[in-house]
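Can you make the complete structure from the sequences, with help from the hints?
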Amino acid sequence: MQFMDVASLIRSVSPGALIGILVLLPALSGLLVFAVRLNAARVGIVIVTAWVVTGASLTLFLWGALEQRSLLFTPPPVGGVSWDLLILLGDGALLLIFCILGAARRSPQIFALALLQAGGFLWLEAGMKPPHAHAAPLAADWLAIIMTLIVSIIGMIIATYALPYMRDHEAHHQIHVSRKPRFFLFLLLFLGAMNGLLLADNLLWLASFWELTTLCSFMLIRHDGTEEARRNADRALWMNLLGGVAMIAGILLLAARGEPLSVRQVLADSAGGAAAQTALLLPMACFCLAGFTKSAQMPFQSWLLGAMVAPTPVSALLHSSTMVKAGVYLIVRFAPAFHNTYLSDVVAFVGGFSFVAGALLAIGKTNAKAVLAYSTISNLGLIIACVGLNTPLAMTGAVMLIIFHSISKGMLFMATGVVEQHMQTRDIEEMQGLVNTMPLTTSLMVIGILSMLLPPFGVLIAKLVALEASVELPALLILLILGSTMTVVFWTKWTGRLLSSAPSTPRWGIERLHSMYLIPLLLLTSGAVIFSLLVVPVLTQLVIPAVTQYYEAIRPTAAQIPPMGEVLQFPWLPFALTLTAAVLIPLWIMRARRPQVRDVYLCGEQVSGLPTVTFRAAGEEKTELLISGYYFESWVGEETHRRWMTAVGVALCILLFGTASLWK
Amino acid sequence: MALKTVIPFGPQHPVLPEPIQLKLVMKDEVVQEAIPHIGYVHRGIEKAAEKMDYVQNVFLVERICGICSFLHALCYCEAIEKLLPCEVPPRARYLRVIWGELHRLQSQHLWLGLFADAFGYESLFMEFWRNRERVMDLFEKTAGSRIIISTCCIGGVRRDISDEHLEEILQTLKEVERALDHSIPALLEDYTVRKRIVGKGVLTAEKAVELGAVGPVLRASGIAEDTRMTGYAAYDELDFKPVVETAGDCYARAKVRALECYQGIELIRQAIQRLPDGEIAARPRGRPNGRVVTRVEQPRGELLYMVAANGSQKLERMRVRTPTFANVPPLVAMLPGCEFADVPVITLSIDPCISCTER
Amino acid sequence: MFNFVHKCRKKSPWIVHFDAGACNGCDIEVLACLTPVYDVERFGIINVGNPKHADVLVVTGTCNRRNARVLRNLYEQMPEPRAVVAVGACALSGGIFHECYNVLKGVDGILPVDVYVPGCAPRPEAIAEGVLMAMERVEQRSREPHSQMQAEPAEREERR
Amino acid sequence: MRMLRNVMRNLFSRPSTRLEPQRRAPIPGVRGTVAFETADCVYCGACGLRCPAKAIEVDRPARTISFDLFKCVGCACCVEACKKGCVQMREAYAHPSYQKPDILFQGAPVLKREEK
Amino acid sequence: MSAPPGGAALPDIEACEEIELSALRAAVQRCRDQRLRFITITCMDMGETFALYYHFDEKLKMRHLLVHAPRAAEVASISDIYFAAFLVENEVRELFGVNITGMAIDYHGHLLLTEDNEPTPMAKVRMEG
Amino acid sequence: MEVERILLALAALLFAPIVGGALTGADRKLTARMQKRIGPPLMQPFYDAVKLFSKQRLIVNGFQSVSVSVYLASMALSLVLLVLGMDLLVLLFVLALGSVALILGGFSVKSPYSQIGSQREVLQLLAYEPLLVLMVVAIYLKTGSFSASSVMSLRQPLIYSLPLFIVTMILVMAIKLHKSPMDISGSHHAHQELVRGIYTEFSGPQMGLIEIAHWYELVFLLGFIALFWHTNLLCGALLALGCYFAVIVIDNITARMTWRWMLRVTWLFGIGASLLNLFLLYGIAGR
Ligand code: NFV
Ligand code: SF4
Ligand code: SF4
Ligand code: SF4
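Top to bottom, those sequences are chains A, B, C, D, E and F.
Just so we're aligned: 103 in my numbering is position 103 of the first sequence, and the numbers increase by one with no gaps anywhere.
Just so we're aligned: 312 in my numbering is position 312 of the second sequence, and the numbers increase by one with no gaps anywhere.
Just so we're aligned: 135 in my numbering is position 135 of the third sequence, and the numbers increase by one with no gaps anywhere.
Just so we're aligned: 105 in my numbering is position 105 of the fourth sequence, and the numbers increase by one with no gaps anywhere.
Just so we're aligned: 53 in my numbering is position 53 of the fifth sequence, and the numbers increase by one with no gaps anywhere.
Just so we're aligned: 111 in my numbering is position 111 of the sixth sequence, and the numbers increase by one with no gaps anywhere.
Source of the hints: derived by calculation from the structure; they are not laboratory data.
Remember, predicted model here, so these are calculated numbers, not experimental data.
Any given hint could be a false lead.
Said to hold, decoys possible - Okay, the calculated bits of chain B under chain E, using three or more residues with CB under 8 Å as the criterion:
no., stretch
1, 39-47
2, 199-212
3, 225-236
4, 289-295
5, 298-310
6, 316-329
As the list claims (entries may be wrong) - Within a straight-line C-alpha distance of at most 27 Å, the following computed DSS-like cross-link-like pairs (lysine-lysine) qualify:
no., chain 1, residue 1, chain 2, residue 2
7, B, 255, B, 207
8, C, 105, B, 47
9, E, 59, B, 255
10, D, 84, D, 54
11, B, 207, B, 195
12, D, 100, C, 10
13, E, 124, B, 51
14, D, 54, B, 47
Glycine is no exception: its CB is placed at the ideal position from the N, C-alpha and C atoms.
Written out as structure tokens, the structure is:
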């Protein structure tokens, strides 16, 4: 009875209003936070926004689950002004800001790209009179809803986490004039823009939100205002502007062919036969390029690396659910349009290459955030590789990866941030033995890391799906195989550093964490664990329907989603439970019968009773044992590989356009 | 943070038969610095030699090291014999060569085995040590003990070797040689082994002299110095040429030692052939007086004894400088820049004998 | 069942060898035990080279102050039941070196020795026999009603 | 690859392990353990004096010889020193033991001349 | 060679050159220039002074330098000329208490002995500390 | 059907250690004979294991026990999965899970040898994992399915079409069983620069568990090889044992190499051989 009530209640809400909340509320709260400069008020606003937005996204999700249909929505005009016009004006303003920024930063690239983009925009609006879409500018299908759910929940968790983080951050950096209002303005605006991007169907709207995320990320990256931050922010800006230019170019090309500027319609048209598909390849290549820049694929990886100068919540946001995911989302969206073309294969190779290259470079990094960044690049590469494979199975893998990667990566960044605030270091080597000083954070972090690479966690299962999907394209498969083994290397190394500790009795002391640190961490960790335990329902109830709904609708001829028998039939739950037992039983035995602790083996020269591991060496000196991980600078250092990797990346991009314009 | 790894290597370590510690400073797995820490085997024998009488000292110096014991005794006896003075009968001189070379033979076998073990070639270790047991049996039969044979005494030797035993020695040497023909190529020509030892721990001739390397280490760097060429015992009457290699790496050192096995076998054959009849020991008369330095060639290189006596029953000072002591500085110079996996290989390539080093 | 465990223990003595200042004679004989001619692996004896895995600590040599420290450290890291075998005149009493200034006259002063193997150097067979005897002794000890296995090493030493 | 031959040959031949000591006759002339035949001993102490390890202690007045097996290094100096042939070297090696054996040889007390 | 020539007791080692303490480094440097191989240092405690023999080898011929160093005198290390000397210099300093300074690797008197050993065991006159 | 499968899994769990232990014993005996020794009795591994369990429990820190138990669990699980004919890729990841657990156990101790051993074990993972995955992919290309049971439906043994994979499998075995020339992260004989490498700090019962896990691993690897000749159980077993024998022989005729060499060989030679075989397979199939 109750359930029915809730169901009908949910059915009765206006999804349009929900979309409004999801897109506009963050922006409005951001402005509010900026205006009201009170600490307490800020905390209140952010938390309330978080709850409301989360609630809204959940409701939308439930609505979608109950209604089982996509939502099309045209927002009512405000005060007689149509939203189309508002967005148009907004976009114009953004481009103006970019031009000004370019001039102010004396950066020819930024200026030129902004100008180019503005020119394209003007041409489109003034010169071409584009055939505006007749459909609603906003659309929410199952995929978009799932994405919004992730963005909203993870984004809001990160925003909450940012509250204590920024307080500590400013305290440590002795920033007296708080820049927090500005920070939260852009943070929240970012989330709103991201939601908008996911839900937009009108390509112009999409482009506007796209630019808005670029601006927000730029502001967030340069937040600390150091020279390095500014420089890196500039780099991020110009690379993303390049993506923007590609996007505008794509839209122009579409417009030139008289295509309606609506995602759904473009996709629908692409299914209209080989000729139609071929005609659309060039704009698709443009969109893919745009997606590559945003998701930092190989020739464009550097902006994401640079972005780690930003405060950690920003990194968490950029890497997990927003920004980079926007890029992949775009490609996922348009994938059916280039199904079964060489373009698709090239996209797969761009992804595969980034997957391997990111993993390889991550091995050589001691900076935790850099490792995370490369791992992001790598994982996104995997997603894009899946998209490039362009089969329903691969799509399933891609969507799963998006979900699980967001959760785990957001969590890892936040944990790294907590460690950074406690130990003032991001260096993996200095995190040695963290398990002794911060057992709780470390445990969570270790779970987070393991959730990136081991069964039965979701990322791995997704990877499995990806591997199984990639047998279609053996050359890619090899890249994926190499990439996934390298992934194991750097994660394991890092975990090893965290756990490496001097002899100690097992104890369960827990460090004190600010609740607003702890709760987000716990939420995401348990999210990763629970979703992994429930991987089968997640797959059958969420991912497969989403893929079916949008992909199959367009490409019904494509092979049916295979039964996924192998992966689905596998008894993941019993398996996970067995492993859990394997973890818990020894702990339980240890509690019951405490084993005795002995020093480590140091060839017989250990000195007992010291807090550090110490041995006697030449001249009877007590020497501390130092162990550092392997980073193989000469093998996997950035310097050794940057050149050729960039070259390969650029070559692949050229190939992308080559195939788009020359072949089907 | 500087990526530095500082770890102890030894004293108790399975690849080191004897306790010595190397403090290794590494990056990734490349050694940056290696500081030796010794003193685990220091007993104070030089001092003890001042307390015991000079005849008993023979048994003391023999126990400086169980691998090269006979040659310690030989060098010490040579020193005292010079101081007394006392003429050693020719047969004794030849017997000393025989036992000395047998000692070198077993020591080189021992080293070849341990060296193979240093890069994880267990079966080759077994091969060499199995072969070594043949030599050990010879000791047991001719001298009455496997390790510390106690046959050298001031003025000559304590035991004679009977003709049957000489025959048996020749016979066994033939077997040993045949076995060596099988196992030495397995060491020197094997792909995996060459990968592990060629070009590792290179010591140029220049450096070798400068750092005071001795024995096979010196000869592997291309310097033809073998203390046996000074002609103690009966070496001035035997034909041999020092084994020299020029590469100066672990492979060259292995090769020198391997060839010295053959050289030793050859020398024993010569000695047995030319073995004169007669007395085996002269009775020492008087008390040693004066200072003298003697050197003999050990399996590991040049051993130096300096004895200062003042005409009493006890010595004033006995100084022992063993070959490993001289080879440690080259080792310290060779290690930086090598891989961690090569540390045991390079360390063993000087054939460290710590009990000799520390006395 | 219990008997089977005891039998297994006896049949698998893993040794760690430490040279506490020997002349090498004894060390080489310990190593020679492993070689084909003596092959102590047929009794299950292996040289594990690591105190944490070892059952028997084979000590050769006179002991001096520096290596006595190492010896204690190694012994401490061996899990019970464990045994110490002293090999060679040096390890028993200091042998010919008993009057040297840096000699502690044998292992007994440092660790509780279970089996003494006399000789200079003892023959490999004697060393192998010593190790087997040590396991025998350990077995007897652990059959006693209050097995000393659970006792902390410090207590155990007191009890001796 | 040279090793392959050796290994295969080993595999198909008899192991060279000696099932000692049961199968092996003692080698003549081996210095095993020191043994005393005190019947002729005059307790002159020469053996103790020459012993480098001080393993033999001769107490002339009490007419005892105590021999410390654990100190003996088997050099056979005592054998050479004893003019009476009371010290000999046995070929069998000493067995390991759990405890330190006390080896004490007691001769008959010195008889006063008048008692003779 | 096994028979000593002459037959008379030798008062000192052959080919031994006695030099002043202050001239030591220069003499060693000369040996180095002549590319002699450094063998070792022998120290003898003569009561008032230490006699330090520096042994060198030239193509299997020996050369020796003899220095008399008063007990408290500072003896400069030669380990910068011959790196190989660092080990024996540490040893001599530790066992005899000769005040050698400036070794390439300094073990601070703990090359062979630990803190609880009696210091300078080889010296005839015990020095404190 | 279900009951049957459960029984099968139980049987595998029960008998694998026995078979694995006996094979290890045979390995030691064979090795000894190749060195002209008599060698330990066949039962020796069992004696060792039982002894290890009867030893005092000493640890350096608590995580070690967890890691060992996860290691054992995943080794046993991967064998069960193989026996039940599950997805081979999943199976490989389970295997990797075990290795990672052990590696983390080695890393969890701040001890030089255990740490360096773990670092090298990571590199070993890097070396053999691609080979195994490629093998599974080859099987997929042959059967059109990733499940082990699909092999059973083939009419021809895999070895006919995938002979080179036997070579790569021998490489993998040498690495996984820590045999020369690949005994890099920790060898069964302690004479190694790393003492016992990654196993250095595990002692007593933990070591015993590791031994048992090794037995499972051994049986798993041999079972995997036997898959290549599924049509005839005897041939499969002979093939597996033949590979094992080859690994033992190679162990005895090579020196230990370094990890650089291992990576080079496995990546260039191993992956090369795999690709060559796949290429041939495709080429022939294409024509
Ligand atoms: N050869 C030799 Fe020695 C001597 N003297 C040396 O270092 O072995 Ni123990
Ligand atoms: S007992 Fe003899 S052989 Fe053994 S270490 Fe002592 S002196 Fe050397
Ligand atoms: S045993 Fe011989 S040397 Fe010793 S006291 Fe008796 S008679 Fe004298
Ligand atoms: S054999 Fe040597 S050590 Fe033993 S008692 Fe006789 S003289 Fe002493």
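So, going through the hints one by one against the coordinates:
1. 39-47: holds (count 5)
2. 199-212: With 4 residues in contact (Cβ-Cβ under 8 Å with chain E), the coverage given for the stretch 199-212 of chain B holds.
3. 225-236: The restraint on the stretch 225-236 of chain B holds, since 9 of its residues have a Cβ under 8 Å from chain E and three suffice.
4. 289-295: It holds: at least three residues are needed, and the stretch 289-295 of chain B offers 6 whose Cβ sits within less than 8 Å of chain E.
5. 298-310: holds (count 4)
6. 316-329: As far as the stretch 316-329 of chain B goes, the hint holds, because 8 residues have Cβ atoms under 8 Å from chain E.
7. B:255 - B:207: 20 Å, holds
8. C:105 - B:47: 16 Å, holds
9. E:59 - B:255: 23 Å, holds
10. D:84 - D:54: 20 Å, holds
11. B:207 - B:195: 24 Å, holds
12. D:100 - C:10: 24 Å, holds
13. E:124 - B:51: Between residue 124 of chain E and residue 51 of chain B the Cα gap is close to 13 Å, so the pair holds against 27 Å.
14. D:54 - B:47: Measuring from Cα to Cα gives roughly 17 Å; hence the hint holds.
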